[in-house]
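Please take these sequences and the hints and turn them into a complete structure.
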Amino acid sequence: MDVDAVEPLNARSMLDAATSAAAKAAEQPFVERRRRLTPAALEVVNQKVARAYSPIVITGIARAVDFVLLSAVGIAVYLGYVMPLAGFSWLYPIEIVAVAVAAVVCFQAADIYQVQLFRGQLRQMTRMISSWSFVFLMFIGISFFAKFGSEISRLWLAAFYFLGLAALVAERLVLRSLVRSWARQGRLDRRTIIVGSDHNGEQLVEALKAQEDSDIHVLGVFDDRNDSRALDTCAGARKLGKVDDMVEFARRTRVDLVLFALPISAETRILEMLKKLWVLPVDIRLSAHTNKLRFRPRSYSYLGKVPTLDVFEAPITDWDLVMKWLFDRVVGSLALLAALPVMALVAVAVKLDSPGPVLFRQKRFGFNNERIDVYKFRSMYHHQADPTASKVVTKNDPRVTRVGRFIRKTSLDELPQLFNVVFAGNLSLVGPRPHAVQGKLQSRLFDEAVDGYFARHRVKPGITGWAQINGWRGEIDNEEKIQKRVEFDLYYIENWSVLFDLVILLKTPLSLLTKNENAY
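Each residue of the sequence shown is one higher than the last, beginning at 1 in this note's numbering.
Honestly, the hints are just simulated from the structure, not real lab data.
Note that CB positions come from ideal geometry on N, CA and C, so glycine has one too.
The list that follows gives simulated cross-link-like pairs (lysine to aspartate or glutamate, DMTMM-like), each with its CA atoms no further than 20 Å apart:
1) K391 - E414
2) K242 - D232
3) K305 - E212
4) K276 - E487
5) K395 - E414
6) K305 - E206
7) K276 - E448
8) K409 - D477
9) K391 - E475
10) K275 - E248
11) K440 - E479
12) K409 - D386
13) K275 - D224
14) K440 - D386
Here are the computed distance ranges between Cβ atoms for each label pair:
15) Y300 - L91: 44 to 52 Å
16) E494 - L79: 48 to 56 Å
17) L345 - L163: 58 to 66 Å
18) P509 - G141: 58 to 66 Å
19) R184 - L499: 34 to 42 Å
20) F88 - R63: 26 to 34 Å
21) F88 - F144: 18 to 26 Å
22) R35 - T394: 26 to 34 Å
23) V174 - Y491: 41 to 49 Å
24) M83 - V57: 35 to 43 Å
Rendered as structure tokens:
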């Protein structure tokens, strides 16, 4: 398909156009700076890794399914038996909902909602049957003392109990099968790397492996020391490299948890390492299993029975991640539909203004430094296109076309990135703006100019962001501009909420009109 011809546009045709049209413009290679990993680390990196599923989300869905399932059984029995004989009564629906809520609460109190427990059969079944029976005994007792037991059909009550129990057992068997399948695929594992390959590290790995039904999967250990204190293996976990290798390692394979086996007394070493590791979108904890200094029990979080101290938490996880995904897909789809007529007009204007493809593709940084293809309307003359962003666009830049100046000033050139949000899923509507891989401040790459620059990549980048609506968009010609962008991006990451995303999205059109002095 040749995108030099502008056709009537719709969502699918424009996505196809983006894929084929931008290929020529992005043929120039870009230089990737990769740290060389050890053979042991590369062996782990080259293993096939499945996408992780959140245990918190799984247990939350299980609660919702229990409630809906029990409510459906109770209402079905009521509609099929009681209502034809006695007519409609609000008493039954209220009682059904009350029983379903009480059942979920009792299941929670019985500690049934654990992913590890879902894998088994006997323990979860006995706890579930006991809890369900307790709910009905409690309900019968309340009905007796409240003197409305005569108004409740005994046959309905018995059918609700036994059919509800059968439905719960069937649901748990299906859930058990799913959880076991996910466990075999590694989707429920917390892929963990240990810092410190000495005696403390060995004790920690042994303690983690000794636990039954643990979701901790130790990938290996990292240590800077080359003397006798650093072991080549810690309780079977191989040394994969030095601490400086950990960032590159975590970029190239899924890592969920970094666990320090160093004693709290090694404060200086820990702080030096944290300065390197905090840019990663992972949980970072300090193991307290060998520390003599003891804090209050509430100060610890536990990996099974191993006490740890939280240092950094991965941003936007579990239900927050689900909410952001839904926000991007629902609002992004609506925005794409609304923008299609405008995109069609811009595409025609770009084509009529100068020869060349309508769309332009560029390599940019995505989540966790992943390289992603970002689509834009072409705003430069085709023969002067700069896919690697080796030269920053400046005011009155001769490479920019007449239409290009307008669509860059108004950010209309960014509209094709809605395809990235809705179809590719590698962009969010709101987040730190994705910078070009070879973006530079004068002669220095951005990560060389700003300390902690890559921390902005701990979340998925966005079409608009907190920095952009505060005026930090467009040309980056001095250190303050890139520092302010990073500062505002980090503030967004630490304070994220769906409401915050909505506020940024609503403020974006106004900021495009009032804070565009740096957009050329």
